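Residue numbers (this note's numbering), protein chains in the order written: chain L, 29 to 384; chain Z, 29 to 384.
By construction, these hints were calculated from the structure, which means they are not laboratory data.
Just so you know, these numbers come straight off a predicted model, no measurement behind them.
Each residue gets a CB set at the ideal place from its N, CA and C atoms; glycine is no exception.
Keep in mind that the hints are not guaranteed to be accurate.
[Stated by the list, open to error] Mimicking EDC-like on lysine to aspartate or glutamate, the simulated pairs with C-alpha atoms at most 16 Å apart in a straight line are:
#1 L:K268 to L:D292
#2 Z:K108 to L:D348
#3 Z:K108 to L:D292
#4 Z:K40 to Z:E345
#5 L:K108 to Z:E352
#6 Z:K108 to L:D354
#7 L:K40 to Z:D90
#8 Z:K70 to Z:D90
#9 Z:K108 to L:D240
#10 Z:K70 to Z:E92
#11 L:K40 to Z:E352
#12 L:K108 to Z:D121
#13 L:K268 to L:E300
#14 Z:K40 to L:E352
#15 L:K108 to Z:D355
#16 Z:K40 to L:E60
#17 Z:K108 to L:D121
#18 L:K150 to L:D240
#19 Z:K150 to Z:D354
#20 L:K150 to L:D121
#21 Z:K150 to Z:D311
#22 L:K108 to Z:D354
#23 Z:K150 to Z:E181
#24 L:K108 to Z:D358
#25 L:K40 to L:E345
[Stated by the list, open to error] Derived contacts from chain Z toward chain L, CB cut-off under 10 Å, selection only:
#26 A167
#27 V282
#28 L289
#29 Y293
#30 E297
#31 W299
#32 D354
Each chain, letter by letter, is given below.
2 protein chains.
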Amino acid sequence: MVQFVSVANILKFLARSGVEPHLVGLARYLEEDFSRWEAFEKAPRIPSHSPGGVIELMPTSDGETYSFKYVNGHPGNTRKGLQTVTAFGVLADVTTGYPRFVAEMTVLTAVRTAAVSAMAAKHLARPESRVMAMIGNGAQSEFQALAFKAVNEIEEVRLYDIDPAATDKCARNLAGSGLRIVRCGSAPEAVAGADIVTTVTADKRRSTILTDNMVGAGVHINAIGGDSPGKTELHPDILKRAGIFVELTAQSRVEGEIQQLPQDYPVTELWEVVTGRRPGRTDGAQITLFDSVGFAVEDFSALRYLRDRVRGTQFVEELDLIAEPDDSRDLFGLIDRAGRQSGGVVGRRGAVPAVA
Amino acid sequence: MVQFVSVANILKFLARSGVEPHLVGLARYLEEDFSRWEAFEKAPRIPSHSPGGVIELMPTSDGETYSFKYVNGHPGNTRKGLQTVTAFGVLADVTTGYPRFVAEMTVLTAVRTAAVSAMAAKHLARPESRVMAMIGNGAQSEFQALAFKAVNEIEEVRLYDIDPAATDKCARNLAGSGLRIVRCGSAPEAVAGADIVTTVTADKRRSTILTDNMVGAGVHINAIGGDSPGKTELHPDILKRAGIFVELTAQSRVEGEIQQLPQDYPVTELWEVVTGRRPGRTDGAQITLFDSVGFAVEDFSALRYLRDRVRGTQFVEELDLIAEPDDSRDLFGLIDRAGRQSGGVVGRRGAVPAVA
Chain L
29 MVQFVSVANI LKFLARSGVE PHLVGLARYL EEDFSRWEAF EKAPRIPSHS
79 PGGVIELMPT SDGETYSFKY VNGHPGNTRK GLQTVTAFGV LADVTTGYPR
129 FVAEMTVLTA VRTAAVSAMA AKHLARPESR VMAMIGNGAQ SEFQALAFKA
179 VNEIEEVRLY DIDPAATDKC ARNLAGSGLR IVRCGSAPEA VAGADIVTTV
229 TADKRRSTIL TDNMVGAGVH INAIGGDSPG KTELHPDILK RAGIFVELTA
279 QSRVEGEIQQ LPQDYPVTEL WEVVTGRRPG RTDGAQITLF DSVGFAVEDF
329 SALRYLRDRV RGTQFVEELD LIAEPDDSRD LFGLIDRAGR QSGGVVGRRG
379 AVPAVA
Chain Z
29 MVQFVSVANI LKFLARSGVE PHLVGLARYL EEDFSRWEAF EKAPRIPSHS
79 PGGVIELMPT SDGETYSFKY VNGHPGNTRK GLQTVTAFGV LADVTTGYPR
129 FVAEMTVLTA VRTAAVSAMA AKHLARPESR VMAMIGNGAQ SEFQALAFKA
179 VNEIEEVRLY DIDPAATDKC ARNLAGSGLR IVRCGSAPEA VAGADIVTTV
229 TADKRRSTIL TDNMVGAGVH INAIGGDSPG KTELHPDILK RAGIFVELTA
279 QSRVEGEIQQ LPQDYPVTEL WEVVTGRRPG RTDGAQITLF DSVGFAVEDF
329 SALRYLRDRV RGTQFVEELD LIAEPDDSRD LFGLIDRAGR QSGGVVGRRG
379 AVPAVA
């Protein structure tokens, strides 16, 4: 049987102790997996594009465990009352090829994206950062805010969204979290005085959430929303002033903010910083940019974390997904037995084909 | 909610009226989808190789519906009492990106592979074919036999396997099917007098199940087992005497029997025959070879068939896989509500982090 974490169960699991300890725990798993980055099979995600969006498969493997995530991105879904992004994921045993763990990942992806951002900022933002601006107050915003609080000791979050209702929702959800929430009337107002700027908007087009004059010395930019071809949030002039950090260079050249830069523009991969091979932030005045697009290894970490945490709890169920015949060569015999149990017949043996 | 067909349910579904009507029905769906082959997004499968086998994702889309299959191939699994191949699949709505249907495909893949073989033989074998040899009597053999009976009017199946226990099992499962079963002591004995030869062995290496002198004029070869790099079943001399038909040329050059031939060796894609663009069998003396490796469009057809047949029946369940917040931007609010229902808390609000 395959272990399964449903939407209802992940919600109960996260609600039980709150999201913050899981953001901290997952950031630790991410750091472990980024530390052994070279052990992973790294292929670009496999996209299927359509006029309304994209469906992607994101596989990876560390040689023992294989994972993949199914994820879509459909910006128009919001207008239909549907999620822009939905996702689920699978862990499998490399030795046997058997799937072992299936989980919803619409919620888990928001948790993992926030944990990745916070883990990156731990290496890239000034340690004394306490104020974060957040441009875009949609489905991921609360997770980002809590991750930076729990992992990076952010105390104040300055919210701005073109839709004030989104800011209302985000402020309401963060009330009581211990964060100081400041609602701002514009992006420049939100960014003014912030140590960290998180951009997490959802439009599928080139937009300019941040312009060059808005970003002062020492700021760390956590750019989440520019994550597919043609979808960017930052003015290219900012990129040129910043130290740029990415997950997987080949993928980010196509999907990240750096799609606006020449193909050979120098960037650093985050795992190089985590392992100490290359420097992260070099001084307090440097502008650092984490140009995040999401990568399969991060979903691997998130699934691994969830699997380890729910094992043996009431949050995991069994899913009857993989046939297990007593004799591996006798798949057909399974049908025969099911037939004898339910009174049907296998082959033709006199049965009326009910569905011919 | 996502519709889900479990192993137990597909077995009951297939047992209810027997496998044959479904082989006929699925062959019809396959013919429909091969007829509109050009409408499909066709990418090679995405493999993750390891010493013990391979895990693959096989996506496709017709612009309305997206599908993918997870499938592994681990020849050593049999020794551990596990399936060589396990699989599951998903259908999603291209417009919204939402997964809609999840099904076990270990059993369904055996049904679809057999239906593809039979559909191909309808176009490639001599219409008067009544005798089939089957070399390899493992997990797929009964499905192949019944498909050729139901779709192609095969009356006699001549069984051979290096392991007599496999032949015993196959003969036992086919007893009462209406097929005349002949157990043979060798591959040449099985092939003698056969109109169709199905090779469906499981070894992950170059083996020579059929040699040139075994194959007479007019025979149709249904080559199933040669389906990955380094894994072939036929002597290359046979290939050179045959008209060769494949699913997707680019994939078959790497995975099929034709990996033994030059990269520009002429082959015909099956869809070209189904649509009448190119001839199938040209005369009664021609040797035809369906060099089958399995392609994503076939899994699309199989999932579509199963979805249509189980809709509204007791064979389908609901799977809580995709989060559906009332407000699409308020994913976080779902946790909050789950917390209020179960007494946990979101954020820190005084909760003890049970899993930190």
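A quick look at each hint next to the structure:
1. L:K268 to L:D292: Holds - the C-alpha atoms of D292 of chain L and K268 of chain L are around 13 Å apart, at most 16 Å.
2. Z:K108 to L:D348: Violated, at roughly 20 Å.
3. Z:K108 to L:D292: Violated - the C-alpha atoms of D292 of chain L and K108 of chain Z are around 49 Å apart, more than 16 Å.
4. Z:K40 to Z:E345: Status holds; Cα separation ~13 Å.
5. L:K108 to Z:E352: 12 Å, holds
6. Z:K108 to L:D354: Distance ~11 Å between K108 of chain Z and D354 of chain L Cα, so the pair holds.
7. L:K40 to Z:D90: Violated. K40 of chain L to D90 of chain Z sits at ~37 Å, over the 16 Å cutoff.
8. Z:K70 to Z:D90: At roughly 9 Å apart (the allowed maximum being 16 Å), D90 of chain Z and K70 of chain Z satisfy the hint.
9. Z:K108 to L:D240: Violated, at roughly 61 Å.
10. Z:K70 to Z:E92: 14 Å, holds
11. L:K40 to Z:E352: 15 Å, holds
12. L:K108 to Z:D121: At roughly 14 Å apart (the allowed maximum being 16 Å), D121 of chain Z and K108 of chain L satisfy the hint.
13. L:K268 to L:E300: 21 Å, violated
14. Z:K40 to L:E352: Holds, because 15 Å separates the two Cα atoms, which is no more than 16 Å.
15. L:K108 to Z:D355: 10 Å, holds
16. Z:K40 to L:E60: This hinted pair is violated, its Cα atoms lying about 45 Å apart.
17. Z:K108 to L:D121: 14 Å, holds
18. L:K150 to L:D240: Not satisfied, since the Cα-Cα distance of roughly 24 Å exceeds 16 Å.
19. Z:K150 to Z:D354: 51 Å, violated
20. L:K150 to L:D121: 32 Å, violated
21. Z:K150 to Z:D311: This hinted pair holds, its Cα atoms lying about 14 Å apart.
22. L:K108 to Z:D354: 11 Å, holds
23. Z:K150 to Z:E181: Holds, at about 10 Å.
24. L:K108 to Z:D358: At roughly 14 Å apart (the allowed maximum being 16 Å), D358 of chain Z and K108 of chain L satisfy the hint.
25. L:K40 to L:E345: Roughly 13 Å separates the two Cα atoms, so the pair holds.
26. A167: 4 Å, holds
27. V282: This interface hint is violated because 16 Å lies over the 10 Å limit.
28. L289: 28 Å, violated
29. Y293: Given a least distance of 29 Å, the restraint on Y293 of chain Z is violated.
30. E297: 21 Å, violated
31. W299: Violated - the Cβ of W299 of chain Z stays beyond 10 Å from chain L, reaching only about 20 Å at its closest.
32. D354: 8 Å, holds
Of the numbered hints stated above, those contradicted by the structure are hints 2, 3, 7, 9, 13, 16, 18, 19, 20, 27, 28, 29, 30, 31, listed in ascending order.
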